[in-house]
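Protein chains: 2
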Amino acid sequence: MSEPDIFYILGNKVRRDLLSHLTCTECYFSLLSNKVSVSSTAVSKHLKIMEREGLLKSYEKEGKFIGPVRKYYKITLSNTYVVTVTPNLFWYKGIRLEEKPNLRRFEINLENLDASPDTLQSMVINLLDANKELENLLEALRALESYRDMLVKNIKERYLEEIGDMTQLAILHYLLLYGEATIEDLSDRLNLKEREVIKKAEELSKFVPLIIKENIIKIDEEKLKKY
Amino acid sequence: MSEPDIFYILGNKVRRDLLSHLTCTECYFSLLSNKVSVSSTAVSKHLKIMEREGLLKSYEKEGKFIGPVRKYYKITLSNTYVVTVTPNLFWYKGIRLEEKPNLRRFEINLENLDASPDTLQSMVINLLDANKELENLLEALRALESYRDMLVKNIKERYLEEIGDMTQLAILHYLLLYGEATIEDLSDRLNLKEREVIKKAEELSKFVPLIIKENIIKIDEEKLKKY
Numbered sequence: 001m002s003e004p005d006i007f008y009i010l011g012n013k014v015r016r017d018l019l020s021h022l023t024c025t026e027c028y029f030s031l032l033s034n035k036v037s038v039s040s041t042a043v044s045k046h047l048k049i050m051e052r053e054g055l056l057k058s059y060e061k062e063g064k065f066i067g068p069v070r071k072y073y074k075i076t077l078s079n080t081y082v083v084t085v086t087p088n089l090f091w092y093k094g095i096r097l098e099e100k101p102n103l104r105r106f107e108i109n110l111e112n113l114d115a116s117p118d119t120l121q122s123m124v125i126n127l128l129d130a131n132k133e134l135e136n137l138l139e140a141l142r143a144l145e146s147y148r149d150m151l152v153k154n155i156k157e158r159y160l161e162e163i164g165d166m167t168q169l170a171i172l173h174y175l176l177l178y179g180e181a182t183i184e185d186l187s188d189r190l191n192l193k194e195r196e197v198i199k200k201a202e203e204l205s206k207f208v209p210l211i212i213k214e215n216i217i218k219i220d221e222e223k224l225k226k227y
Numbered sequence: 001m002s003e004p005d006i007f008y009i010l011g012n013k014v015r016r017d018l019l020s021h022l023t024c025t026e027c028y029f030s031l032l033s034n035k036v037s038v039s040s041t042a043v044s045k046h047l048k049i050m051e052r053e054g055l056l057k058s059y060e061k062e063g064k065f066i067g068p069v070r071k072y073y074k075i076t077l078s079n080t081y082v083v084t085v086t087p088n089l090f091w092y093k094g095i096r097l098e099e100k101p102n103l104r105r106f107e108i109n110l111e112n113l114d115a116s117p118d119t120l121q122s123m124v125i126n127l128l129d130a131n132k133e134l135e136n137l138l139e140a141l142r143a144l145e146s147y148r149d150m151l152v153k154n155i156k157e158r159y160l161e162e163i164g165d166m167t168q169l170a171i172l173h174y175l176l177l178y179g180e181a182t183i184e185d186l187s188d189r190l191n192l193k194e195r196e197v198i199k200k201a202e203e204l205s206k207f208v209p210l211i212i213k214e215n216i217i218k219i220d221e222e223k224l225k226k227y
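Residue numbers (this note's numbering), protein chains in the order written: chain A, 1 to 227; chain B, 1 to 227.
Worth double-checking, as some hints may not be accurate.
If several chains are the same, the list does not tell them apart, and a pair holds so long as it fits within one copy or across any two.
What the hints assert, rightly or not - Mimicking EDC-like on lysine to aspartate or glutamate, the simulated pairs with C-alpha atoms at most 16 angstroms apart in a straight line are: (1) K35 x E107; (2) K100 x E111; (3) K45 x D17; (4) K225 x D129; (5) K213 x E194; (6) K223 x D129.
FYI, nobody ran anything at the bench for these hints, they're computed from the structure.
Given these sequences and hints, build the entire structure.
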């Protein structure tokens, strides 16, 4: 794995939580520090590690209106990683995402692979063929993740421009990536009381229709498609 | 990420090297310890961590003929992980591989996605559609990695049964996963002198034809297909 040692960075839960918050909205130090359950010294240490590894950049920016100058952080990488671990394979690959996703049709055809080749040579041939299909699949993954990245970026910008509420956006961001969430999940994640989560979700629902039922929140796809 | 904290495990280079060696052939402690460049105390610590996390199991086995009882290690997990990190997305998923790969045709169709949706609602709809194609793609990845795992397992067993040379097998294993290798790479990885690598590669080439040229070794696909 080249440049930032991504496994090392992801190997720590606090760093994973910080990355989650950073992808959701623009964050400065004390805002980030409030979102995770460790001391601000620890947060500072983890941010420094990620800066040193080349995954984050910090920059200074004044608050809106007459706020103080604050140190913000942003992720500087756009990659997808695939890792396989089995008793017979340990393999990983990083894929760089692209600005302009290649929105075409990809075919991953496994029909011609032999389910039980019987000589050493035919096993090797089939494995090399499978490797080619894997290359194909990774190109599809690159296109798809590049597209999802672009859309989420546009959704974030549009939401802040039109509605301007960062907490609603954080709920939307989570639902877009994970499909649904319990109120408790969101409450822990956003460091809000449950009733505040419900209130914010109801406000969000005016722009992106949600189903809020029995403790679970998800996007109402049917209603959304009628907009 | 459930059970074994895979990012934590992969976050250390010695552990990654140990996993590589373990997937290649059956390994006991001192064999593993010789393959990596840290003390046997450190190796022991890392193996314990991976056992504790549920990624490895140790078992005792007598050596061939009248060898001593030795402690062997094996990986107990068969998973593929996908991780995306961008300024807007931080997302990961683990996929459990299957015994019987589903060797069918998969279609990942990105043609119907809108390259530049212009309302917040249409952006969200397109993202949900992209998420569905991603589910599709992950199913293809599951099938492909399950198949590659099965084949590599069979190749390892067949090679040891028919030819019985672990070093030749280690070279083959590397070439199957990475396509080609320099002689220096293999020399570092297998802890052998360069001329020993060349000798072993030439022996391997009798069973799986190789091209050994200008310091690079790769599988000779054309010749292989004539077998």
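Against the structure, the hints:
1. K35 x E107: So K35 and E107 fail the 16 angstroms test inside a copy (42 angstroms) and across (40 angstroms) alike.
2. K100 x E111: between (31 angstroms within a copy, 14 angstroms between copies)
3. K45 x D17: within (14 angstroms within a copy, 27 angstroms between copies)
4. K225 x D129: between (41 angstroms within a copy, 12 angstroms between copies)
5. K213 x E194: This pair counts as within: shortest intra-copy Cα distance 14 angstroms, inter-copy 66 angstroms.
6. K223 x D129: between (44 angstroms within a copy, 15 angstroms between copies)
The earlier numbered hint that this structure contradicts is number 1, and it is the only one.
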